[in-house]
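Visitor: Here is what each chain is made of, one letter per residue.
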Amino acid sequence: MKVVATTPLQQFVLGVRFELEKHLRRQRLLWALLLATVIPALFYVVPRALGSDLPADAEVAAANIVGFSILLIITSAAFFAGDALSGELDKRTYLTLYLLPQRRSTVVASKFVAALLATWMVVAIFYGIVTLEGIAGYGIDHLPAGAGTSLLLAMLFGASCVGLAFVFSSFTSSSVISSLLTFFSLLLIIPILSFVALAAKNEPTWALTYYEDLITTVLGATPSFGGPGLFTPEFGMGVRVWSLYAIVGLLLSRLIIVWRHAE
Amino acid sequence: MAAVLRVDRLVKRYRTGVTAVKGISFEAHAGDVIGFLGPNGAGKTTTMKMIVNILTPSSGSIEVFGLDVHEEPVAALQHVGALLEVPGIYEYLTPVQLLRYLGRVRGIPTAQLDARIDEMLELVLLTKWKDSKLGGFSTGMGRRFHIASALLHDPDLLVLDEPALGLDPKGLQDVRMIVHDLQKQGKTVLLSSHLLHEVTEMCNRVLMINEGTMVIQDTVEALRNKGDERRLHIELEEEPTAAQLQWFSDLGTLELLERRGPELSFRYHGQRKDLVALHHKVVDQMPVVGFSPESLSLEDLYISVVGKEGGVK
Numbered sequence: 001m002k003v004v005a006t007t008p009l010q011q012f013v014l015g016v017r018f019e020l021e022k023h024l025r026r027q028r029l030l031w032a033l034l035l036a037t038v039i040p041a042l043f044y045v046v047p048r049a050l051g052s053d054l055p056a057d058a059e060v061a062a063a064n065i066v067g068f069s070i071l072l073i074i075t076s077a078a079f080f081a082g083d084a085l086s087g088e089l090d091k092r093t094y095l096t097l098y099l100l101p102q103r104r105s106t107v108v109a110s111k112f113v114a115a116l117l118a119t120w121m122v123v124a125i126f127y128g129i130v131t132l133e134g135i136a137g138y139g140i141d142h143l144p145a146g147a148g149t150s151l152l153l154a155m156l157f158g159a160s161c162v163g164l165a166f167v168f169s170s171f172t173s174s175s176v177i178s179s180l181l182t183f184f185s186l187l188l189i190i191p192i193l194s195f196v197a198l199a200a201k202n203e204p205t206w207a208l209t210y211y212e213d214l215i216t217t218v219l220g221a222t223p224s225f226g227g228p229g230l231f232t233p234e235f236g237m238g239v240r241v242w243s244l245y246a247i248v249g250l251l252l253s254r255l256i257i258v259w260r261h262a263e
Numbered sequence: 001m002a003a004v005l006r007v008d009r010l011v012k013r014y015r016t017g018v019t020a021v022k023g024i025s026f027e028a029h030a031g032d033v034i035g036f037l038g039p040n041g042a043g044k045t046t047t048m049k050m051i052v053n054i055l056t057p058s059s060g061s062i063e064v065f066g067l068d069v070h071e072e073p074v075a076a077l078q079h080v081g082a083l084l085e086v087p088g089i090y091e092y093l094t095p096v097q098l099l100r101y102l103g104r105v106r107g108i109p110t111a112q113l114d115a116r117i118d119e120m121l122e123l124v125l126l127t128k129w130k131d132s133k134l135g136g137f138s139t140g141m142g143r144r145f146h147i148a149s150a151l152l153h154d155p156d157l158l159v160l161d162e163p164a165l166g167l168d169p170k171g172l173q174d175v176r177m178i179v180h181d182l183q184k185q186g187k188t189v190l191l192s193s194h195l196l197h198e199v200t201e202m203c204n205r206v207l208m209i210n211e212g213t214m215v216i217q218d219t220v221e222a223l224r225n226k227g228d229e230r231r232l233h234i235e236l237e238e239e240p241t242a243a244q245l246q247w248f249s250d251l252g253t254l255e256l257l258e259r260r261g262p263e264l265s266f267r268y269h270g271q272r273k274d275l276v277a278l279h280h281k282v283v284d285q286m287p288v289v290g291f292s293p294e295s296l297s298l299e300d301l302y303i304s305v306v307g308k309e310g311g312v313k
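First to last, the sequence lines map onto chains A and B. If you count the first sequence from 1, position 140 lands on 140 in our numbering, and the numbers rise without skipping. If you count the second sequence from 1, position 136 lands on 136 in our numbering, and the numbers rise without skipping.
Same shape as in the complex, but just chain A:
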């Protein structure tokens, strides 16, 4: 049988498809998409069922619901990226995957992009449902002007969370530890450290969760960050920090995997 060597690009594309298929077959993607559909739907259905009125304008309504996208993004990052690399070691599937004639960098890149796409899919569905609700409740002309920016920010925040998750996933050999590290870092550790920094009158510009509010404030919501109000997350800095987390996360996880290979 004649085999024809695949190019790194083909290996990358095949890797992304394979990872997405794995997310689908493990039903993680289905659960995340279900949450992305159910959470905003509840915000629309429950108040109506209880006879409450909708908020006065579409922007406030959207900001209320979109606030929950942050939790969903963090959950998605832990789901899709938390054990992307550590899981191969933990379950010993690396003894199949790493035998393939492809570079470790290709494996890391394809896993990263697959986790990113899966997270973005969840974010896109969430925003899609919120948009439909906005149209149903307020009409198409009253959709918030900042909705597109909010979606892009949510996607960028998702990318930064995936970047951080990949670093944890690259240096641990346990799926559970790397997933929990991702979850608790984004939900507890980094927010607590940010609060402490704010209390000490230092702006936590390094903390990716510090900029979460940008996702809702572009819709017109009031910043809700609970620290002493000396500082306000700045849009440009938030974009830069999130981008940096995503890029450095990818590069650092690649470096760690290659370094561990040499061990």
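Some hints here could point you the wrong way.
Claimed, not checked - Listed below are the simulated SDA-like cross-link pairs for lysine to any residue, each with C-alpha atoms no more than 25 angstroms apart in a straight line:
#, chain 1, residue 1, chain 2, residue 2
1, A, Lys91, B, Trp129
2, A, Lys91, B, Thr16
3, B, Lys184, B, Thr200
4, B, Lys133, A, Val16
5, A, Lys91, B, Leu126
6, B, Lys128, A, Glu21
7, B, Lys22, B, Glu71
8, A, Lys2, B, Val74
9, A, Lys2, B, Arg104
10, B, Lys133, A, Ile39
To be clear, the hints were calculated from the coordinates, so they are not data collected in a lab.
Got chain A sorted already, so can you dock chain B onto it with the hints?
Guide: Here is chain B on its own, set in the frame of chain A:
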């Protein structure tokens, strides 16, 4: 003839300070089926992992088809198949789903891939389970699946680490047949096993390592006839007395290996021609029922190299 696999002064030193492989060298040529032997912890799996680029050597080099595995891993490993240790399984996938991915990355033409997958699953008797989740497979079925995945792209060099692990007798026989077929096709197989009888059956050459060092490298035939060492079975009429055992020991050419009632098994260190004289001596000394010299088995050699404590680390 150009070597399919060339391992040169290979060393693996872990960051913990342990040196698992200490400068081993060997070559494998087309059609070689090489048994890679050694006790647990001898460095076999570490060596195999370096050959397929799962681990990086501390020094030394490995060439596959003339390409350095660690400088050009993608090209070097294109025609290599491997089964190492007990790989994990993507339990939520079916054999067909996983083999499709592996086959595509390996570059098997799409038009041939499904037929090749069917052929491999038939070879390892998993056709009935081709669409079942891998998570439901038994250890033996998992092993069969991994053998299929190692063979999927029709590799020219196959690296098998304990391929018979967890297989039933039929599975063992199937592995033996697969290896024989590969050898007939001129493929090269490097195979580690603790089943020395299987190694004798399947392999034409043997490499034996102990504590990271190569201790034997020869053909199976040459090893079996190595020097003048033989196994000698002597059956006495009655159980031997202490004085009789001492008499055997004093001969200087016999080393007692086993004793089961009146049956004694020795390693004989002497010339073949001297066996006649030895036979006479023994018969003159005590009532003998049987006297049968045999070539040393691979097991005898193995024990003599690694010692009786070999593998207990």
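Visitor: Out of the numbered hints, which ones does the structure contradict?
Guide: 10
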